[in-house]
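A.B. asks: So you can see what is in the structure, the chains are spelled out below.
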Amino acid sequence: MCKAHWTVKKGKPSGRPLGDLSNVDGTKINTDATAAAAAAYYGEIKPPTIDDIAVMVYDFWRAAKVRNPLARWEDMRIWKMDLQGPYTLFSFRPEDVGLFAMLLGDDLVYLPMVNISGWSGTPAAFQVVSRAITWELRYALQSSTVMYVDDMMGVCFAEDLARARDICTSLLGPGSVADDKTDLHGGKT
Amino acid sequence: VGGSLFSVGSQTTEADLRELLKEAADSAKDDYGPESAVAWAEGYTSPPEYVTNDVACLEASQRDFEAMVQQRLDGMAPGRLNGERVARLKPNDPELTLLIDLVGGMELRLPEGLKTNGMMPRTDRRPIYETVAFAVNKMLRAIVDQRLAFLQPLDMAQRHV
Chain A
1 MCKAHWTVKK GKPSGRPLGD LSNVDGTKIN TDATAAAAAA YYGEIKPPTI DDIAVMVYDF
61 WRAAKVRNPL ARWEDMRIWK MDLQGPYTLF SFRPEDVGLF AMLLGDDLVY LPMVNISGWS
121 GTPAAFQVVS RAITWELRYA LQSSTVMYVD DMMGVCFAED LARARDICTS LLGPGSVADD
181 KTDLHGGKT
Chain B
1 VGGSLFSVGS QTTEADLREL LKEAADSAKD DYGPESAVAW AEGYTSPPEY VTNDVACLEA
61 SQRDFEAMVQ QRLDGMAPGR LNGERVARLK PNDPELTLLI DLVGGMELRL PEGLKTNGMM
121 PRTDRRPIYE TVAFAVNKML RAIVDQRLAF LQPLDMAQRH V
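The listed protein sequences derive, respectively, from chains A and B. Residue numbers for the first sequence follow the working numbering, beginning at 1 and rising by one. Residue numbers for the second sequence follow the working numbering, beginning at 1 and rising by one.
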């Protein structure tokens, strides 16, 4: 059973709760080895750089001009999209839920069925979803997208903006996009 | 400024760009801390039905915790990542295999010889949790409210989880 923990979160006066999975009395499930095992199983996370974003726009434009020489730069849109409670969008296996038990006050135990902040394998697992969405967007919209865990940024033509959101909700469910942190109106490049 | 990628005669000034960069830097600042969390959760009390509902749920599952979790997950599956949704993806999506794996739950890759400790002394709580306990409880109970987690009394958890 792990200890309840807390840390600050940008823009949130409440901060955010954590499970302190590297500070337990029994065997720790958060170790360098388990983080490495998750990365080996699900794939390494590669955060995009500003260079990657600039190259994304440039590559999209070059490919668009090849497909359609009449394509117009001013019709391109940069968009960003956030997922709602990303770590809650997929679950633990029932037999594993007890491993994430967290003791709260009043002798209550919190038992999460969904990923929690604090488990070192969560970002790597989520990156599978990120890569799938990125691939689908590229395939369906010929859009270029970069994604770091739940933060997506992409470029496409104005008429394809709404479809980017649809691809996410089709895979993850109707409430999966954080509309308050999403800009799908697109900024002109 | 002008060239093959940017329109000639742009009205954007250096001052505009500096202001944009300042806004970006300011957005990354964080002035919140434990005090703001305490204020955020001030007056919060836990509705007792959170626990009684989940205890009743465990009783209804003949105190089989895994069966209770599976039943809850099955009920929520239509609105979440599931096999049907993954099947809508292109068959050559390179992530299909891992996504199907995730539908059944995350693969943990746990340490060899894992032994769970079962309980933790009450005195061993994190000091920061003691400070912001109401805020943590309020946030976690919002997840319970979405039916994504359970709350159980410690003795029930120790006996049946």
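It should be emphasised that the hints constitute simulated quantities derived from the structure, not laboratory data. Here a beta-carbon is modelled for each residue, glycine too, at the ideal position from N, C-alpha and C. Be aware that one or more of the hints could be misleading.
For the chain B half of the interface with chain A, some residues (derived, Cβ under 8 Å), not all of them [as the list claims (entries may be wrong)]:
1. R18
2. A37
3. V51
4. V55
5. P127
6. A133
7. L154
No farther apart than 27 Å at their CA atoms in a straight line, the calculated lysine-lysine pairs in the DSS-like style are these [to be verified]:
8. A:K181 / A:K80
9. A:K80 / A:K65
10. A:K9 / A:K80
11. B:K138 / A:K181
12. A:K10 / B:K90
13. A:K65 / B:K138
14. A:K9 / A:K46
15. B:K90 / A:K9
16. A:K10 / A:K46
17. A:K12 / B:K22
18. A:K80 / A:K10
19. A:K181 / A:K65
20. B:K22 / A:K9
21. A:K80 / B:K22
22. A:K9 / A:K65
23. A:K65 / A:K12
24. B:K138 / A:K10
25. A:K12 / B:K90
26. A:K28 / A:K9
27. B:K90 / A:K46
28. A:K28 / A:K80
29. B:K138 / A:K46
30. A:K65 / B:K90
A.B. asks: Now, for every hint given, state plainly whether the structure supports it.
C.D. replies: Here is how each hint holds up against the structure:
1. R18: This hint is violated: R18 (chain B) lies away from chain A, its Cβ roughly 17 Å from the closest one there, beyond 8 Å.
2. A37: A37 (chain B) check passes; min Cβ-Cβ to chain A is 5 Å, inside 8 Å.
3. V51: Status holds, d = 6 Å.
4. V55: Because about 11 Å separates V55 (chain B) from the closest Cβ in chain A, which is outside the 8 Å limit, the hint is violated.
5. P127: Where the cut-off is 8 Å and the nearest Cβ of chain A is about 10 Å from P127 (chain B), the hint is violated.
6. A133: Holds, about 5 Å.
7. L154: At 4 Å from the nearest chain A Cβ, L154 (chain B) passes the 8 Å test, so the hint holds.
8. A:K181 / A:K80: holds (8 Å)
9. A:K80 / A:K65: holds (23 Å)
10. A:K9 / A:K80: OK: K9 (chain A) and K80 (chain A) at ~20 Å, within 27 Å.
11. B:K138 / A:K181: Status holds; Cα separation ~22 Å.
12. A:K10 / B:K90: With a Cα-Cα distance of about 36 Å, the restraint between K10 (chain A) and K90 (chain B) is violated, given a limit of 27 Å.
13. A:K65 / B:K138: Violated, at about 52 Å.
14. A:K9 / A:K46: holds (22 Å)
15. B:K90 / A:K9: violated (36 Å)
16. A:K10 / A:K46: It holds: about 22 Å lies between the C-alpha atoms, which stays within 27 Å.
17. A:K12 / B:K22: The hint holds at about 21 Å.
18. A:K80 / A:K10: holds (18 Å)
19. A:K181 / A:K65: violated (31 Å)
20. B:K22 / A:K9: This hinted pair holds, its Cα atoms lying about 20 Å apart.
21. A:K80 / B:K22: Given that 27 Å is the threshold and the Cα spacing comes to 20 Å, the pair holds.
22. A:K9 / A:K65: Answer violated: K9 (chain A) to K65 (chain A) is near 42 Å, above 27 Å.
23. A:K65 / A:K12: Given pair K65 (chain A), K12 (chain A) is violated - Cα atoms ~43 Å apart, limit 27 Å.
24. B:K138 / A:K10: holds (18 Å)
25. A:K12 / B:K90: violated (37 Å)
26. A:K28 / A:K9: holds (25 Å)
27. B:K90 / A:K46: holds (24 Å)
28. A:K28 / A:K80: Not satisfied, since the Cα-Cα distance of roughly 37 Å exceeds 27 Å.
29. B:K138 / A:K46: violated (33 Å)
30. A:K65 / B:K90: holds (26 Å)
Violated hints, in rising order: 1, 4, 5, 12, 13, 15, 19, 22, 23, 25, 28 and 29; the structure is consistent with all others.
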